[in-house]
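Order-wise, the sequence lines are chains A and B. Quick note on numbering that gives the first Met the number 0: the first sequence kicks off at 0 and runs consecutively. Quick note on numbering that gives the first Met the number 0: the second sequence kicks off at 0 and runs consecutively.
There could be a bad hint or two in this list.
Said to hold, decoys possible - On the chain A side, residues computed to face chain B include the following (Cβ under 7 Å):
(1) Cys12
(2) Gly38
(3) Cys39
(4) Cys44
(5) Glu70
(6) Phe89
(7) Gly98
(8) Tyr99
(9) Cys100
(10) Pro102
(11) Arg124
(12) Cys134
(13) Thr135
(14) His138
(15) Lys142
(16) Met146
It should be emphasised that the hints constitute simulated quantities derived from the structure, not laboratory data. Backbone N, C-alpha and C define an ideal beta-carbon position, used for all residues, glycine too.
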Amino acid sequence: MVRIQVTVDGQRCEDEVEPRLLLVHYLRERVGKVGTPVGCDTSNCGACTVQLDGRSVKSCAVLAVQADGSEVTTIEGLANGEWHPMQKAFKECHALQCGYCTPGMIMAAVDLLSNNPNPSEEEIRDGLEGNLCRCTGYHNIVKAVQMAAAEGGAR
Amino acid sequence: MNDVVRPVMQDAVAAAPTRVDGRDKVTGRARYAVEHPVEDVVWAWPVTSTVAKGRVTEIDASEANGTEGVIAVLTHANAPRLGETDDAELQLLQSDRVAYRGQVCALVVGETVESARAGADAVRVRYDEAEHDVVLDARHPAMFTPEKVNPGFPTDTSIGDPDTAFAVAAVQLDATYTTPTEHNHAMEPHATTASWGADGTLTLYDSNQGSTGVARVMADLFGLQVRAVHVISEHVGGGFGSKGTPRPNIVLAAMAAQAVGRPVRLALGRQHMFSLVGYRTPTIQRLRLGATTDGVLRSLVHDVWEQTSTLDDFAEQTAVISRMLYAAPARRTTHRLVRLDVPTPSWMRAPGEAPGSFALESAMDELAAACDLDPVELRVRNEPDVDPESGKPFSSRNLVACLREGARRFGWEQRDPTPGVRRDGRWLVGTGVASSTYPARTAPSQARMSIGSDGVVTVELNAVDIGTGSRTALTQIAAEAMDLPTDRVRLRIGDSTLPPAMIAGGSMGLTSWGSAIVKGARQLRELVGRRDGAIPEDGLEVTADTAEEVRAVSGYARHAFGAQFCEVRVDADTGEVRVPRLLGVFAVGRVINARTARSQLVGGMTMGLSMALHEEGVVDVQHGDNVNHDLAGYHIAAHADVADVDAMWLEEHDEHLNLVGAKGIGEIGIVGTAAAVANAVHHATGVRVRDLPIRVDRLLGRG
């Protein structure tokens, strides 16, 4: 067991964890942040994307011990207030169907805008290539990212 | 009769209500199957066979049992005995027989998912291995004629003398097409949380496309009354057919919970989904089209060879599309099946029509070229007056209108038919078209509707929202039928204790559920009317059942139609295929919510694009396995594979369908897309690819 300290969505957590524990399972099963889902286990789908110290990571590809001393933001802690502009844009543009890829897609999109506040459609499609969606055909997701960009969605 | 008024424009999409569950889904509050809080819960993980055929001779669980956190190891020797059901894939851990590689041969229960997985890794299984047979071949000696094809169609049909008609036809096309194994891969893996009550009741949070049937099957398997089984499916992360019936996850979770006396969570890993939850069978399809020089079909023969497992006969209805799409006086369709040492195939979005349309609509494109005819015009010339096999009139059929409107919007008229002559730098450019169709069906459902003294209407039925937006659309249907604003309607779905209803499948969820709600609303309004609008303190309630009207035989052939137009660019040096434009124009009856409908159609077309270019389950012949069994090796379309995909529909009024007037839209979007892409690739390069997916090695060196 290893003792770690992680700040998750502004809440300070201190836990004993096994070295093999993945960050996504730590978040879901120990901290209760089940809003971050597991989609593929092999870091291909991006459903489990969270921010680790402000940068997006696939939390199935990070060990909990690697997050020691870090700040993690999940979809549940993204909004500073009621909505984050990206969340609002995803709802308004119907950038979701089943919703399972949505938390990771939103977290990756926020990171995309923090690197490139005004991406072109092509830059959005390239930038989000690591996040798979099986329902929507991606079209509305691109529109949502554009809408969020227009409203300062990088914050 | 139907009349086409105008294509529905973007303003209809903008005006449609947004998802009622949208906020929960963008904030991470939506709870899926293994996310509902349950006390004292443990985890299970399956051990799967590493041979494709044989018997398990020994399972050594000693190391697993000694692994920290492992609570139990279930095998065929100690697992609870299950009752009989129709689905042999659900007889889990009941025998030592191995029918395919990847079949469950043990289940480890641990305090955490990590300990369950570590325990599973430590289980040693020994086998008496037999020689396996996993390759589909049309000449396989064990090919047989199944009794029927899904879901109840005749296996073979024949009208006239198609062989003679073909032999004497002025233009003959005889070509064979293949499609590979394809996997549904909804983003939420199949998952269940199971807990047994002290009173012997079984509560299951489960990811499925309809829990009425799931509860019934689970009751049969575990020897329970249906009312002792409670299945809750509040949010479901997609299904695409693979969650239409119970899959191993729910049975294993319930067995494990019974064995250890604690609630159990089981979320299958993505790798498990390549063998444990069904897939689309690979197909071999031979098309013979005989036509006049004017392109009028005289003979249409569609022969199909496909696979099933040694456990169960699953016969996909691949050639059924060729029974109704075009006129031809002489025609035949056949299906042959072979039982291989593979998992049982299952339902995947537009089962039958998706692979069948690739063959038929590619063949029609080849015929158009052979007749020197425009492919749109060829289809128009073979438009039937009535359903060619049943002789019934179509309740509405707007294929030609979809083709014409699509051609106009796509800019088809300027098309030079010559293949392989348009070049833009490195890119060879081409366009293609294909027809889409899918049956418009309705299934019996019930809805309980009540109105309180506050005027709020509560609608309860066991529908489910697997991502399509049914929660939103059903709220709209109920509000309209009650003549109330949507905020006066409360909808409860996704719970097997609610009135029984159709699954979200076969493009009949909304039509079936909506019909029950419309009928219930009529009954409720009549009840309120008889009391002059006075609603008693404890409210009024009705339960509507559509079984009678749904089962009444219709005098009409009922199908949705569409046309898909595609532009491709093929790199002349590398063979890379890009799809800059894909346009679908559909005629699907009434559209309830333009926003969710458009997303369904665009999503279906994108899955069709994915089928055309990426998706291929590769068989490991030596080991009887899948070569590619994760999302790194099994490619599905990603953001950057998709460019301008657009869907629209014609306004279509059809009073012969159901109480909603809708045809269902979940599947038609994937029908025809792959052919439209392949036809465009031919137009761009001159290379006819008859085998999906359209890989670079199938293009290079053939131009």
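Hints versus structure:
no. : hint   : verdict
1   : Cys12  : violated (17 Å)
2   : Gly38  : holds (5 Å)
3   : Cys39  : holds (4 Å)
4   : Cys44  : holds (6 Å)
5   : Glu70  : violated (17 Å)
6   : Phe89  : holds (5 Å)
7   : Gly98  : holds (3 Å)
8   : Tyr99  : holds (3 Å)
9   : Cys100 : holds (5 Å)
10  : Pro102 : holds (5 Å)
11  : Arg124 : holds (4 Å)
12  : Cys134 : holds (5 Å)
13  : Thr135 : holds (5 Å)
14  : His138 : holds (5 Å)
15  : Lys142 : violated (11 Å)
16  : Met146 : violated (13 Å)
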